Structures are given as structure tokens and as C-alpha cells.
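**Q** Generate coordinates for the entire structure from the input sequences, incorporating the hints supplied.
Line by line, the protein sequences give chains A and B.
At position 57 of the first sequence (counting the first as 1) the number is 57 in the numbering used here, and the numbers step up by one without a gap.
Counting from 1 along the second sequence, just add 1000 to a position and that's the residue number in the numbering used here.
No wet-lab data here; the hints were simulated from the structure.
There's no promise every hint is true.
[To be verified] Now the in silico label distances, taken between C-beta atoms and shown as ranges:
| no. | chain 1 | residue 1 | chain 2 | residue 2 | range |
| --- | --- | --- | --- | --- | --- |
| 1 | A | PRO223 | B | SER1169 | 39 to 45 Å |
| 2 | B | ASP1153 | A | GLY208 | 53 to 59 Å |
| 3 | B | LYS1219 | A | ASP106 | 56 to 62 Å |
| 4 | A | PRO223 | B | GLU1208 | 35 to 41 Å |
| 5 | A | GLY136 | B | GLU1181 | 21 to 27 Å |
| 6 | A | ASP12 | B | GLN1137 | 26 to 32 Å |
[What the hints assert, rightly or not] Some chain A residues near chain B, calculated using beta-carbon distances under 7 Å:
| no. | residue |
| --- | --- |
| 7 | GLU57 |
| 8 | GLY161 |
| 9 | GLN164 |
| 10 | VAL166 |
| 11 | LEU168 |
| 12 | VAL209 |
| 13 | SER212 |
| 14 | LYS216 |
| 15 | LYS219 |
| 16 | ARG226 |
| 17 | LYS231 |
| 18 | VAL235 |
| 19 | ALA246 |
None of these values were measured; they are calculated from a predicted model.
We treat Cβ as the ideally placed atom computed from N, Cα and C, and that holds for glycine.
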Amino acid sequence: MKVLVAVKRVVDYNVKVRVKADNTGVDLANVKMSMNPFCEIAVEEAVRLKEKGVATEIVAVSVGPTAAQEQLRTALALGCDRAILVESSEELNSLAIAKLLKAVVDKEQPQLVILGKQAIDSDNNQTGQMLAALSGYAQGTFASEVAVDGERVKVTREIDGGLQTVDLKLPAIVTTDLRLNEPRYASLPNIMKAKKKPLETVKPDDLGVSTSSTIKTLKVESPAARKGGIKVKSVDELVDKLKNEAKVI
Amino acid sequence: MTTLVIAEHNNAELIASTLNTVAAAKAIGGDIDVLVAGEGCQAVADAAAKIEGVSKVLLADNAAYAHQLPENMGLLIAELGKNYSHILASASTNGKNYMPRVAALLDVDQISEISAVEGADTFVRPIYAGNAMATVQSSASIKVITVRSTGFDPVAAEGGSASVENVSSAQDAGVSSFVGEELAKSDRPELAGAKIVISGGRGMQNGENFEMLYKLADKIGAAVGASRAAVDAGFVPNDMQVGQTGKIVAPNLYVAVGISGAIQHLAGMKDSKVIVAINKDEEAPIFQVADYGLVGDLFELIPELESKI
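**A** And the structure:
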């Protein structure tokens, strides 16, 4: 079966981001960018499905700027067969991205689409669910285990109280949680080979999708800073402070 | 202007975060209706009718909604939601699961995890793991929103007298089914709503050592959380994880034991009123946000703390 994996280019998770002085957003100039960690897990899961003989072809797709080709090359180096970049320099909302992905799904007809559960920049946690709704497919979000069995897939999900297992009819959408797997590293020979794999570029207009949005960001600010605390010398002092100064116990 | 709040429940009782979501609806203004969708959940609807400020409770009691499968919940909420200006749910794993589906079916953008309401169309939400706060304005005809519970003080669970109306609709998309679940059992308070949270990290070294935290927690009525490192190492189950990808907590007192304080962990707890860090590494980033820091060996300090508290 064919598997489609969506990946996003985001600020590297170790970067401490700074809000721009004019409060229009976060300063991304000269900041290290990487593949969103949840998307890496999605790619890894797809590659494992191929290694198990379940998947026959893996198509990686990204919606983003020209530079997102880097992340698609990474996905190819990790084992994806070909890539599609839906090129857009604007910052798009989840619904627009879901509509673009829906157009790609219509064209490619994958049996399974794997996405990360959220991007660590916008923290929306929406795209997979929206794509599922638009295609009318079932969804297995926050997956920590995925088992394809014929025409169905069993997904174990991380929920507030523990774990839940659902059975979905294929084609279906799965979004990954951190515990689904541990992504591999791309080896140098694979990185070299990835340069020869096909990467197709399309524009939102080519897909006939309007990317207009009803959400406007008015401002972006730094969160209220916590004032520096103190170090206490002993447990007695800590208990005393908590009881008499902070009055929390 | 009327807001539809989707009740968070387990078919037997209403979950407290619903009260925080109603508080967010109250901040938006206008009437508030609550939808209780589940199976055998009359008691939940009765409880929802008593919530302060609620005008009407819609009860959709049907096997299709027993486990709140998003394929069915999405169809139901999108159908009922057409008559509302705002649709709100708690940013729990349930709310996060079905609300984007509702938004896509209604062809509107969704706003995730708001932590403040500035007006009927303007909201504040954290981005970049809480390292920036975005103020967003929505011109969508129906505003579909999930609410971060720790951003809103709950409304009173008693005092209201709303009517309960049955919804006959039974939406079954027929593409998914519930197989089973494994719920962690605990007598301690629920993590997200606890007044005191004690969390352990990699420094705990193994699962048995968490007993020390449980003993301390039981003594002061606290919930026990964990960092991702502790969960990945198998010390504790994943539903105890606090952070960007786990639960967001904002208790009066948060005690971080053997936790270094990575960006992703801080995202889940830095709105706590008072933070205490116990760590042997005095350079650990957690000390930069802690109100009270204690440098030393947790295996000596925790038992001592337990005996003196």
C-alpha cells in the first residue's frame, strides 16, 4: 500500500526563541531549522511499515517555503521514495494546509497518511484531524502503536487517563505521539542517494486550493517572566518558606 | 450570540475541566449551552444543568458517542454547532481529537488552547512551547476553540438550573470503532486540577524510587507528575507526563525533583504559582524558574522533607 507522510520545517526544538521587538512574531532570521520532531516519528513509522512489507511506496509531502526542500531531502534520506513540495511563502493556518494535503491525497490515493500530532512552533494540533474530516477518513490521533491488518488499522492512542485502542477502516489518517518509535539517523550514503530521488514542486494554485484565513495575529509577546527565586540551604528552611512565606502548604 | 460548550466526561461524571471551559465561555459573553454526548450519561447532563451560568443542556445519549470517537462526535457537533457563534471544548485529548474535525466540517479555522479571552473574537494563546504568547483575532462565522483549563478559574458547579433537552440525532460515520482502553488507576488527585503537584525526572533513577514521591504526595494531598525522561525510561506511565506534549498544569505548588528543566517540560508547568526545584546540579535550568531551589541529593532530601512537612 501507498503511505503519505507530511513533514514540516520548524525552528529546531533546542532553540530558545526570541519575540521580535515590534511584536509581529518570533525572530526566525539565522535560527537553526529542522524537521518537526513529531514528523520525524511519522517518517520513521512509514519506513518501518515498508521494512515490514506493509507499505510499498512512501511519498513525503511538505507545505512550506522553498527551503522546506531540505526537510523533504531528509525524509528521502530516511527512506521515503519521492517527495512533493507544495510551495508557499506565506505562513498558512492548519485548515489551509489540510485542504492542500487533501488535494495531494486525492491525487496520490494513499491508504494511510501519517502526520505528527502537532508542530512545535504553532502548537496547534489540528492538521491531521482536519485532513481526516475533509477526506471523510477515520483518524487515529496521538498514536503510540500502529498495526495494519488487511483493510483495517489498529491504533493505540495516548489519552488523558492512559491508553485507548481504536480500529479504523483504511484509508485512514494517523498522527504520531512521541512514544510511537525512535527515529533513526540518516547515513551519509543515504543522504547522497536522496539527492537523486524525485522531488516535485507544486503551487497551491495548481491544486486549486484557496489558502485564505479567517485568523489574524494581532501581536506576539514574550510571556510574563518569572522573577528569579532564591536557593535555600536546608529542608527546614524550605518547609519554613513554603509554610510562612509562600503559604502554599 | 450563544456559545456551545462540549462537556468533558466519562459517561458517569462530569470532569472538572468543563467548569474552566464554561468560565472561558462566560468571558466571551452571551448565553451558554452545554452539549453532553455519550452513552448512559443522564447523570452527567443533570450535573451540567447545575453549572452556574448555563442556560440549556443538550443531551445526545447514543451508543455512537459512547467513547467519543471523533468521526461521530465531529458530525454531531458540526451539525448542532451551526446555530452557535462559538463552540468551545477543553483542550483535553478528547477536545483536541474532535474539535479540529468540527472546524474542518464547518469550513472554519480553529483556535487551539486559548489561555485568555480579550473579546468575543480576540483570544490569547501560547505558541513555541509557551515561549511566546500570540493574540489572535478571528473573523470566522463560527469560532471553534479549545480552552487551556489552567488559564481560567472554574465556575461554580452548583447554582444553575438549566433545562435538559434530548438530541435525537445519532451520527455514526461507520469508519472507526472502539477496541479497548487501559486507564491508569490512582487515588491521588487528578494531575491537571491538583493544587499541589510533585514531579520526578530522570534523577529518580527507577520506578521504585517514585514510591518516595508517592509517600510525600499522599501526605500533602498532591498529584504526582513526571518529566518525559522518566516516562521514556519506563519509571511511570505516560499519562503522568507534564510538558508541551503531556499535560499542562498550573498548581499552587509545583515541586520538580530530579528534573533538569528542558524547554518542553517548562512549557507544561511554568504558570505554577510557586515552583520548588530539588536537584543536585546547581546549574540545572530548572533553578532559573524556581522560586525556591534546594541543591542536593534527592534521595536524602525527599525523605527528610516528608518527615518534616
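**Q** The structure should be examined with respect to each hint, and the outcome stated for every one.
**A** Quick rundown of the hints versus the structure:
1. Take PRO223(A) and SER1169(B): their Cβ atoms lie about 41 Å apart, and the range 39 to 45 Å holds.
2. For ASP1153(B) and GLY208(A), the hinted distance range of 53 to 59 Å is not satisfied, since their beta carbons lie about 46 Å from each other.
3. Checking the proposed 56 to 62 Å range against LYS1219(B) and ASP106(A) shows it holds: the Cβ atoms sit about 59 Å from each other.
4. Between PRO223(A) and GLU1208(B), the C-beta spacing of about 37 Å keeps the proposed range 35 to 41 Å intact.
5. The beta-carbon spacing between GLY136(A) and GLU1181(B), approximately 25 Å, falls within the hinted interval of 21 to 27 Å.
6. ASP12(A) and GLN1137(B) have their C-beta atoms about 30 Å apart, which keeps the hinted 26 to 32 Å range intact.
7. Restraint check, GLU57(A) versus chain B: the minimum CB separation of about 23 Å is more than 7 Å; hint violated.
8. Evaluation of the GLY161(A) hint against chain B yields a held restraint, the C-beta minimum of about 4 Å falling below 7 Å.
9. The beta carbon of GLN164(A) comes within 4 Å of a beta carbon in chain B, closer than 7 Å, and the hint placing it at the interface holds.
10. Taking 7 Å as the C-beta contact cut-off toward chain B, the hint placing VAL166(A) at the interface holds, the least distance being around 6 Å.
11. With 7 Å as the threshold, the beta carbon of LEU168(A) comes within range of chain B, its nearest partner Cβ sitting at about 5 Å, so the hint holds.
12. Using the Cβ-Cβ criterion of 7 Å, the hint placing VAL209(A) at the interface with chain B is not satisfied: the shortest such distance is roughly 12 Å.
13. Taking 7 Å as the C-beta contact cut-off toward chain B, the hint placing SER212(A) at the interface is violated, the least distance being around 10 Å.
14. For LYS216(A), the suggested interface contact is upheld, since its CB lies about 5 Å from the closest CB of chain B, less than 7 Å.
15. The interface hint given for LYS219(A) is met, as the beta carbon of that residue sits about 5 Å from the closest beta carbon of chain B, less than 7 Å.
16. A hinted interface residue such as ARG226(A) counts as satisfied when its beta carbon comes closer than 7 Å to some beta carbon of chain B; here the least separation is about 5 Å, so the hint holds.
17. A distance limit of 7 Å between C-beta atoms decides the matter here; for LYS231(A) the minimum to chain B is near 4 Å, and the interface restraint holds.
18. Checking VAL235(A) against chain B by beta carbon gives a least distance of about 5 Å; that is within 7 Å, so the hint holds.
19. Taken as an interface hint, ALA246(A) checks out: its beta carbon lies about 5 Å from the nearest beta carbon of chain B, inside 7 Å.
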